[in-house]
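Whole structure, please, built from the sequences with the hints as guidance.
FYI, the numbering for the sequence shown is 800 to 995, going by this note's numbering.
Warning: the hint list may mix true and false statements.
Below, simulated SDA-like cross-link-like pairs (lysine to any residue); rule was C-alpha separation at most 25 Å, straight line [unchecked claim]:
| no. | residue 1 | residue 2 |
| --- | --- | --- |
| 1 | K920 | E890 |
| 2 | K811 | K872 |
| 3 | K980 | N956 |
| 4 | K886 | G926 |
| 5 | K950 | E981 |
| 6 | K852 | A863 |
| 7 | K811 | I868 |
| 8 | K927 | L957 |
For the record, the hints were derived by calculation from the structure and aren't laboratory data.
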Amino acid sequence: SQLFAKAYKMSKSALVILAAGAEEMEFIIAADVLRRAGVKVTVAGLNNAEPVKCSRDVSILPDASLAQISGQKFDVIVLPGGLGGSKAMAESEAVGQLLQAQEADGGLIAAICAAPTVLAKHGIAAGKSLTSYPSMKDQLVGKYSYVDDQKVVQDGNLITSRGPGTAYEFALKISEQLAGKEKAQEVAKGLLLSYD
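Listed below in structure tokens is the structure:
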């Protein structure tokens, strides 16, 4: 039907980048919550489309490799934390180019835990307010307006959060930006969470 086609065209998209050593809770919660909110989520393996071993030895199979989705546009790019995964994304030229293009287009960028250091490495969102896992603060404090006392920080098109325990709020904040507050609250209710 025409209505379905219109609704489908309007559905938002998210790219979640998965690198070896990613924090699996942060990855899974972001991908899962966004899908529950009706967002089309693509999981891209940093190096290829082979299973990725995360920080606690859970292996996850990406939908595609980062190279395979290059040139596609997404409403949000999500960077899960985890030291190994964040280090790999920080060292990746492809991730840097993707983030720079997303920022230039005014698209959303979301990073949690150690992943805000990826933004710093690639010169993304300089001067904006953000947060991260506490031990990453020293790498960020000179380039950003660092926030210690909030679980999730949004500054324009940048959303950041602190760690595994804040992953639901992080994912719901991204969902709210893409699907609206009502949808984020509906998803939260189904998860037995409250979201204001």
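Now for the hints, and whether the structure bears them out:
1. K920 - E890: holds, 8 Å
2. K811 - K872: holds, 10 Å
3. K980 - N956: Holds: K980 and N956 sit about 16 Å apart, inside 25 Å.
4. K886 - G926: With a Cα-Cα distance of about 21 Å, the restraint between K886 and G926 holds, given a limit of 25 Å.
5. K950 - E981: This hinted pair holds, its Cα atoms lying about 21 Å apart.
6. K852 - A863: holds, 15 Å
7. K811 - I868: holds, 16 Å
8. K927 - L957: The hint holds at about 8 Å.
The structure meets every hint from the earlier list without exception.
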